[in-house]
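Put the two chains together into one complex, using the hints given.
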Amino acid sequence: MLEIKNLSTYYDEFRAISDISLTVEDGEFIAIIGPNGHGKSTFLKTICGLLRPKTGSVLFAGKEVVGLPTYKIVEMGLVYVAEERHLFPEMTVLENLTLGAYNSCARKFQAENMEFVFNLFPRLRERKKQVVSTLSGGESRMVAIGRGLMSNAKAIAIDEPSFGLAPNLRIDVFNRIKEINKKGITIILVEQTVAEAMHLIDRFYLMEDGKIVFQGNEKEALSSEHVKQAFLGI
Amino acid sequence: MGTWVRSIAEILIGGIEAGSVYILIAAGLSLLYGVTKIFNYSYGSLLTLGGYFAWVLIFNFAGIHYGIGIVVVLPVMFFLGMGIEKLIVFPLRRKAEWELNVVIATLGLALIFNSLILVVFGPLTKTLPPLIEGNMKIGGCILSNYRWAVLGITIAVMIILWIFLTKTKLGMAMRAVAQDSVGGHIVGINTHRLFGYTFGISTVLAGLGGIFLGSTYFLSPEGGWLFFVKAFIIVALGGIGSLQGALIAAIILGVIESSVCFLIGAVWVTPAWFLVLIIILIIRPKGLFGIR
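Line by line, the protein sequences give chains A and B. Going by our numbering, the residue at position 170 of the first sequence is 170; the numbering climbs one at a time, nothing skipped. Going by our numbering, the residue at position 32 of the second sequence is 32; the numbering climbs one at a time, nothing skipped.
Bound conformation, chain B alone (with noise of 0.2 Å):
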């Protein structure tokens, strides 16, 4: 009986620890999409770039600890988001059929980057040290700190953007043009400026998400497709434009993804994880919190 409610307790908390790390990667498509209505083809790759982007300051440069690391790796997330959004998505938009434009452009740019990864770093793959050693004993259970920094990290990532959106007005603007993009012309938004900013956040999310994702398992130059894909299926799954949903997703795969790791093996996540999103969109079409 003790080993059984022990070996529950190890998979909800190892769903919990997976999903958060899937939460930051969810929620910068989640925010993307439901703002731009622009599906980034490129956002797995930025992901790894985020990860690789830590490696090299943190393996080449010897003196920088990891937080510091991380820090400086966010803002160049940032601008590299913008200036995508910048000199691909804006010149795209403003001609016809723009949304296949954009994907297009959205694909090569993940095949160079991936390429560039691949030039630069090589095929093997690396991994980027825990934030944190050590591990916790609690009843029974043995819980590595890094993950509960993740956690953590990711928690208080989700309570600023929360914030950001809630509280501010350009987080309200960016809200409001994902409600009714029209709306927010008449109301006098700079809608292309707001791009500009929703692509930098959902890039530096993508980053962040990348560092963690790449200690959790391990970086490699297509590495980011999968994650993307993943990423795809938690905002689906939670619903379009709906960034509650995104989290509340997350988690939800993140244990079908432990509990799945643990009776049957690794290999069967992705499927398990596409099986359980099918089954919902035909029960709500919309996904579980969705909007459109």
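So that you can see chain A by itself, here it is in the shape it has in the complex (with noise of 0.2 Å):
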């Protein structure tokens, strides 16, 4: 589904990532971990088509994403669920979820995909009126991959949603990710470590510095010391 092919991302002189190569097979849950300030989500917005790569080639369901403005991007079905989330400050949960689908082809199953997110999040649906800038951090995180959700995409490319939450907060976005995942769409998460949810995810990839240092499942990964090191030791 996914294919990328040297791919290097420039911020002005700085290299934020290196050549990064990986493949990701239609609905595989595959997860990007590495310390902070290493380059994970700098390649997540570049193939999501909010950062323009220097070199490399990025294919999506066979097509070039790369140059091509996101909302192309979005229609195509690759959609970005940010850290910082970029909600709609002023509008409601359900304006948010609503302009999630936004697209022409996300608009036929708006009131399925609604469903769904609602069935998922149940807070979100009690929450529904109320204005987005009051929710908290884990319910914002709640509406910013439901939003992701409503546009319809095959693949949803996430950026560390379990940041700052809870222990046992952490373990249920992981399970409900898990949920997305079953239901057919490719999801490629980033996050600082997954030790809670490694039973979860198919194959893990490491990145250090910009570049893919590790890549394997789990019982590869936790037979590498680096890898342990990785998950454990931040």
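Keep in mind that a hint or two might mislead.
[Said to hold, decoys possible] Cut-off 27 Å, straight-line C-alpha distance, at most; resulting in silico cross-link-like pairs (DSSO-like, lysine-lysine):
id, chain 1, residue 1, chain 2, residue 2
1, A, 108, B, 169
2, A, 182, A, 63
3, B, 169, A, 72
4, A, 72, B, 37
5, B, 86, A, 72
6, A, 5, A, 72
7, A, 154, B, 169
8, A, 72, B, 95
9, B, 167, A, 108
10, A, 72, A, 154
11, A, 72, B, 167
12, B, 167, A, 128
13, A, 183, A, 154
14, A, 154, A, 5
15, B, 169, A, 128
16, B, 37, B, 286
17, A, 63, A, 211
18, A, 129, B, 169
19, B, 167, A, 129
20, A, 182, A, 219
21, B, 95, A, 54
22, A, 72, A, 182
[As the list claims (entries may be wrong)] Some residues of chain B that are not near chain A, with every Cβ distance over 12 Å (derived):
id, residue
23, 60
24, 71
25, 100
26, 200
27, 275
In short, the hints are calculated from the structure, not lab data. In this text, a Cβ means the ideal position worked out from N, Cα and C, and glycines have one as well.
Rendered as structure tokens:
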């Protein structure tokens, strides 16, 4: 579904990600972990069209997306859920979710996607008419993920959804993301650590200094000292 | 006692009348800056252009009724606005330092428009005739029908705008991009096309406002600058990002204009406006209803 080759993105002179190549199959749940500031967000933003890479290619469902404006990539089915969320602060939960279905393909499925989002996050159903700037951190994360789902995406790139949450809430978030994955939606998750959710995830990548330094499944991850440091040492 | 009450009533009504003409140009500027974060320095010239377009239609095509003249001008203004966005703003936005470049470019556009008007129409002021003739007498005050028509049309336009912004998808998208433009990208809004529509609507409001201002006061090649400054003061007082704030500020400042005219003299209106703005900004730096 996603084929990334030799991707490099710069901030002026600084090379944030170098020569990244990875592949994600249809329906997979992969996680990119690693310390903060090492390029994980930059990578997600680049494949979703919010940043432009200097070199490399990103093939989504066989089509090149580098250079396309973000809205076209959303139409194609790849959506970014930002760490900063970027919700519309003066609008209600319902309005934010409705806007998630802005593109024409998503509008047909608006009602059923909305139902799925509310079943996944019952708290949002209660707070439908509440203005988003008054929600708690965890709740606004839910809205951000829900809004991504509303675009009828085939693949969702989620940036640190559990950051700053209490441990029991962290597991909750990962479980709900797994629910989304079970629906057939490909998930690319970025997190600092996913220790409590390793069994939910298909494959792991470790990114340090803008480069991939490890890739493998749960067993391989747990048998690597380097990776265990990254998971537990932070 | 009776004359005092009548004076106050005249001031208030005059204020609302003055404010209602300003509402349109304030709304156009507020919408444009709120959504695109671009300060269009040709805004004053655009409102003057609207006035002059109407003048051309009404006086050069003698058979044209005033109302039809207005209806023809509006789509022209819309496409002019979209054209400015497409040809000038968009190419600049992709480069570095776009904010400064857009200011300079729109300033240049203002100079070009004003010079064109000067060359084509000459330096003497022109007036547009009032929409409706005649006066009404209510309780000893004389009110012109024309001013009521302006107020009525302004209210109608604002209601249409409100419905557009809250009930249509495009309108919601505009409000969304105004609140978080990255969020707008994330949900798949084509922000470039949206900016074009925003420029178009903003220019229509400017043009209509210019027509009303042209018939309430007069048209002149450089006259747009004063109204641009006034629109800016209204938007700043109301709070950047708040359309309702701009509306309320327009009425308040209209009443202030009316009072200052009555008590001191018309020249003192603009300084009085600035004074009020500065005082309010010291107390509430975001403006009356500002969210940014």
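Hint check:
1. With a C-alpha separation of about 14 Å, the suggested pair residue 108(A) and residue 169(B) falls inside the 27 Å cut-off, and the hint holds.
2. As the CA atoms of residue 182(A) and residue 63(A) are separated by approximately 25 Å, the hinted pair is consistent with the 27 Å bound.
3. As the CA atoms of residue 169(B) and residue 72(A) are separated by approximately 18 Å, the hinted pair is consistent with the 27 Å bound.
4. Among the hinted pairs, residue 72(A) with residue 37(B) is consistent with the structure: their alpha-carbon atoms are about 23 Å apart, no more than 27 Å.
5. For the given pair, residue 86(B) sits about 19 Å from residue 72(A) by alpha-carbon distance, which is consistent with the 27 Å threshold.
6. About 20 Å separates the Cα atoms of residue 5(A) and residue 72(A), which keeps this hinted pair within 27 Å; it holds.
7. Taking the CA atoms of residue 154(A) and residue 169(B), the gap is near 23 Å; set against the 27 Å cutoff, the hint holds.
8. Straight-line distance between C-alpha atoms of residue 72(A) and residue 95(B) comes to about 21 Å, which keeps the hinted pair within the 27 Å bound.
9. Of the supplied pair hints, the one linking residue 167(B) and residue 108(A) holds, its CA atoms being roughly 18 Å apart against a limit of 27 Å.
10. The straight-line distance between the Cα atoms of residue 72(A) and residue 154(A) is roughly 14 Å, inside the 27 Å bound, and the hint therefore holds.
11. Proximity of residue 72(A) to residue 167(B) is assessed by CA-CA distance (about 25 Å); at most 27 Å being required, the pair is judged to hold.
12. The suggested pairing of residue 167(B) with residue 128(A) holds, with an alpha-carbon distance near 17 Å, which does not exceed 27 Å.
13. Using a Cα cut-off of 27 Å, the hinted pair residue 183(A) and residue 154(A) holds, with the two alpha carbons roughly 10 Å apart.
14. This hinted pair checks out: residue 154(A) and residue 5(A) have alpha carbons roughly 20 Å apart, not beyond 27 Å.
15. Between the alpha carbons of residue 169(B) and residue 128(A) the distance comes to roughly 19 Å, so the proposed pair stays at or under 27 Å and holds.
16. Annotation: proposed proximity of residue 37(B) to residue 286(B) holds, straight-line Cα distance about 16 Å (limit 27 Å).
17. For the hint pairing residue 63(A) with residue 211(A), the CA-to-CA distance comes to about 24 Å; that is within 27 Å, so the pair holds.
18. Pair hint residue 129(A) plus residue 169(B) holds up; C-alpha atoms about 18 Å apart against a cutoff of 27 Å.
19. For a cut-off of 27 Å, the pair hint linking residue 167(B) to residue 129(A) stands: about 16 Å separates their Cα positions.
20. Between residue 182(A) and residue 219(A) the CA atoms are separated by roughly 21 Å; this keeps the pair inside 27 Å, and the hint holds.
21. Note on residue 95(B) and residue 54(A): the hinted pairing holds, with a Cα-Cα distance of about 16 Å set against a maximum of 27 Å.
22. In summary, the hint linking residue 72(A) to residue 182(A) is supported, as the alpha carbons are separated by about 26 Å, within the 27 Å threshold.
23. With a closest Cβ-Cβ approach of about 44 Å to chain A, residue 60(B) is found to remain outside the 12 Å limit, as its non-interface label requires.
24. Residue placement check: residue 71(B) keeps its beta carbon more than 12 Å from all beta carbons of chain A (closest about 31 Å).
25. Every CB of chain A lies more than 12 Å from the CB of residue 100(B), the least distance being 19 Å, so the non-interface label holds.
26. At roughly 19 Å from the closest C-beta of chain A, the C-beta of residue 200(B) stays outside 12 Å, upholding its exclusion from the interface.
27. For residue 275(B), the shortest C-beta to C-beta distance to chain A comes to about 30 Å, beyond the 12 Å cut-off, and the non-interface label holds.
When the structure is compared with the earlier hints, no violation turns up for any of them.
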